[in-house]
Amino acid sequence: MYRTMIKGLFACMLGISSALVLTLSAASAVHASGTIKIGSFLALTGPASFLGDPELKTLQMYVGEINQKGGVLGKKLELVYYDTSGKAKVAKDVVKRLIKKDRVDLIVGGSTSGTTLAVIDIVEREKIPFISLAGSIRIIKPVKKWVFKTPHTDRMAAAKIFEDMKKRNISKVALITGNGGFDKSGHAQCLDLAPKYGINIVADESYNNADTDMTTQLTKIRATDAKAILNFGFGKAPAIVTKNVRQLGIKLPLYQSHGVASKKFIELAGDAANGVRLPAAALIVAEQLPDNDPQKPVLLSYKKKYEAKYGPVSTFGGHAYDGLFIAVEAIKRAGCVDKAKVRDEIEKTKGFVGTGGVFNMGPDDHLGLGLDAFKMVEIENGAWKLLY
Amino acid sequence: MYEQLLQYLITGITVGSAYALVGLGFAIIYNASDVVNFAQGEFVMIGAMSAIFLNAAGIPYVLSIALAVAITAAVGMALEKFAIEPARNASVVSTIIITIGASILLRGAALLIWGKDIYGLKPFTGEETIHIGPATLLPQNLWVMGCTAVSVFLVKYFFDRTRTGKAILACSYNKRAAYLVGINVKKMLLISYGLSACLGAVAGILIAPITFFTYNAGVMLGLKGFSAAILGGMGNPMGAVAGGLMLGLLESIGAGLISSGYKDAIAFIIILLVLFLKPSGLFGKSSWERV
Amino acid sequence: MRLLGLGIFAAVIAILPLLFPENYYVTVVGVTMFFNVILAVGLNLFMGYAGQISLGHAAFFGLGAYSSAILTTKFGFNPWLAMGAGVALVWIVSYLVAKPILRLKGHYLAMATLGFGIIIHIFLVQYDTLTGGPDGLSSIPELSIFGWPINSDLRWYAVSATVMLLSILFSLNIVASRHGRALQAVHGSEVAAETMGIDTSRVKVHIFVISAVMAAVTGSLFVHEQAFISPDSCSFFFSIELVTMVVLGGMASTFGAVFGAAILTYLPEFLVVFQDFKVLIFGGILMFIMIFLPEGLFVGLCRLFTHFKQEQKECLTS
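Residue numbers (this note's numbering), protein chains in the order written: chain A, 1 to 388; chain B, 1001 to 1291; chain C, 2001 to 2318.
Rather than coming from a laboratory, the hints here were simulated on the basis of the structure.
Here the structure is a predicted model, which means the values were calculated and not measured.
We put the beta carbon where it would ideally sit given N, CA and C, even for glycine.
Hints may contain errors.
[Unchecked claim] Facing chain C, from chain A, some residues (calculated, C-beta under 8 Å):
(1) Lys-92
(2) Gly-114
(3) Ala-118
Given the sequences, and given the hints that come with them, work out the whole structure.
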């Protein structure tokens, strides 16, 4: 008897306190309408934080710079962002929060493919222009009306790698990938594309991204007749794979994906990184581009600004630069922040020179980059070397 | 076939050594205080990250390692002093949640102090590959195995031969009785946590040159260490060591001979089977219930 | 009288969306909280009342969720039929694993349930032709009740709140039944319960299956609400979170579980403003509560309250 009353009382207290919180938040939800709100959700903590971290820094830096120059359409930009820890469920929650609580005008974000794919349904339902910063081809294929992206796809990376292998007359390849979304998606694209390039996948090994050692998988690969090893992954695992390959004395050419296109990879893998080939955005080899390359000035300017403030650039921050400026240009062309108009203008993006390449979007291409936007790079004496 | 198997064994023992040290840490704390310390993996991370950063700050290699172990030990003792001791009347599940809270807190602190980047430590002695028959290994693999063996031996010596070690054992059998014969129970608990944290730090520093560390790298190692301790039989330190080595070998051989994608699943299935056959682990004492 | 607390709780839940129909914390986070409450109340039956531990509960949630997702998207099942199939699957799986797993005690039980959860998770990640791998499955069709589609936040609020209240009612009834008393006897001492003529292993298996089925139903609802599922929604970390909800609120108290689930749902939402500090603060709060109120927030506060009222003998169980 007593205890039920007490329980009731507590239930009441719970109700009252939540009601209080709600009124408070309702008060703060009335936002200044004088700004253009750009929402973002990034992997700022967790294993994918090395993607989200440069992305956020880039967004913050350029939003600040644009505002200093007077904003867009006479309005200041306001960046609202949340951390997803790279988790799909969290991404879904924070995107709802961006749309329903913060009422953002458009979204630029989604560091990982998993978090992006998780929110596509809701973005489509709520009709918000969304530029993703993640790699998977599933994001834009089939085309979704409100969803765009700036990074090269995993399919392009696989194609670029296979192209290079063909040039070197390699037809038997051992594939080794992690268990993350990026890895698995790249793995699927490799298996799908290989026959088209006449490449035979002779070993298909997998590891857990938190593993400390991959020599077992590589020992298995060593026993096959593979002529090259392809590792699709990001974070610390590809660095461990690279070191393990050298430790086992495997002399085969080693290919990595664009997931390792940051200085950190070379630093971690050390001498073992030499000779590794990978497809990457032009950003990491900006200085080596010919002077008539249209991307060169954009790349050097981004690199200079970013490095002056935060240290070495990675291509991931570059994707955020592309996303932000494609959005800003579209808003300028639309002349307002009406979501449907901004979406239409994003789709009409033509000849936009970004860090990832020259973007030419269209109704059936929400990325707008060709295979030439990827550069083939080899690591030589601990530095990137542009091959072609 | 044979040449591959040898390589799998080397890999398995190296990885298993780290699990063994973490598992040993679990067992020591469990013995002393009946607490399953889910922050054990965080000790590994703190040890490795401190060593990496102290070394990067210009402190000599050996000194930075020693300091890192000391820092981790201090964190372990602080955990006992400020979280476990005040909650000594809490139920087992409540203390588990406290240690989970502690692990989240430590991870949060590491995130603030060291950021989100990935770091590596340079190997103890060179990176020249050593060939043993058809298999290869790095000097660091030998360091991992050797230092683990020495650590395990020292721990065994400590509990078997020294007064303090025996006093801790006495606490683990019956705290009240230990108190009555004049053992300073609080101090013994503090020492156990410190020792356990030390072992975690050693594990982290040993494998830091082989693998790499981030602020959240402790989670998986903690989980594997817990599995090792359970497999060997909770409360039996040498069982935990055996459990760790077995777990490492299971993973490596499972990945090599069956499937690398399902290697962790294979390891856990075998642990489950072992538990179904021996409900208190391989080397654990069977439990009974007091009515 | 026994249901007074539930009645007030229901009233508050019913009034909130009327006052704040568009509020994010009510209609969006509210639904997440209701799902968590169902899971926590279910797990509490197993942990709080039967005195067992499960670090793999998210696996049942995941099996329910994935059954719905796979059957509706890949095989064109009707969502309700898929939910039924998911529940049946979890019923069978939980019954099969219950027998050997529940022979284990304490930390060994924790390990076995943890292992079970991880095995299911690895399967969901690796078997990607069926499960979509780490990226999961999306575009899961919406649920409708007799032609009434559940397609807005408010409708989901209503549906999930109803299911939650039913599950609380169900839990309160179980606890008050003969079955519930048997459970508590098992919690007190299994040997003693055996000698009193209680078939302890049957009681434990029973409650384990009930708890798993509740998780499966929640998983299935969750998947339709989110229209998306990926393995990290049912990982080891989610299992730990569920245990934390139960313990944080207070074991062996249905409203404790409700309380715990509410806190663990809303706390991270409010900590978002602290950016990088949120992990540290969250861990700190968790430790603080458990150190100073080791019986859990709800039960602990309850006790303080009765202490204050000089009524120490009441308010311990249920």
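Hint by hint, here is what the structure shows:
1. Lys-92: holds, 6 Å
2. Gly-114: Result: holds, 5 Å to nearest chain C Cβ.
3. Ala-118: holds, 5 Å
Violated hints are absent here; each numbered hint is respected by the structure.
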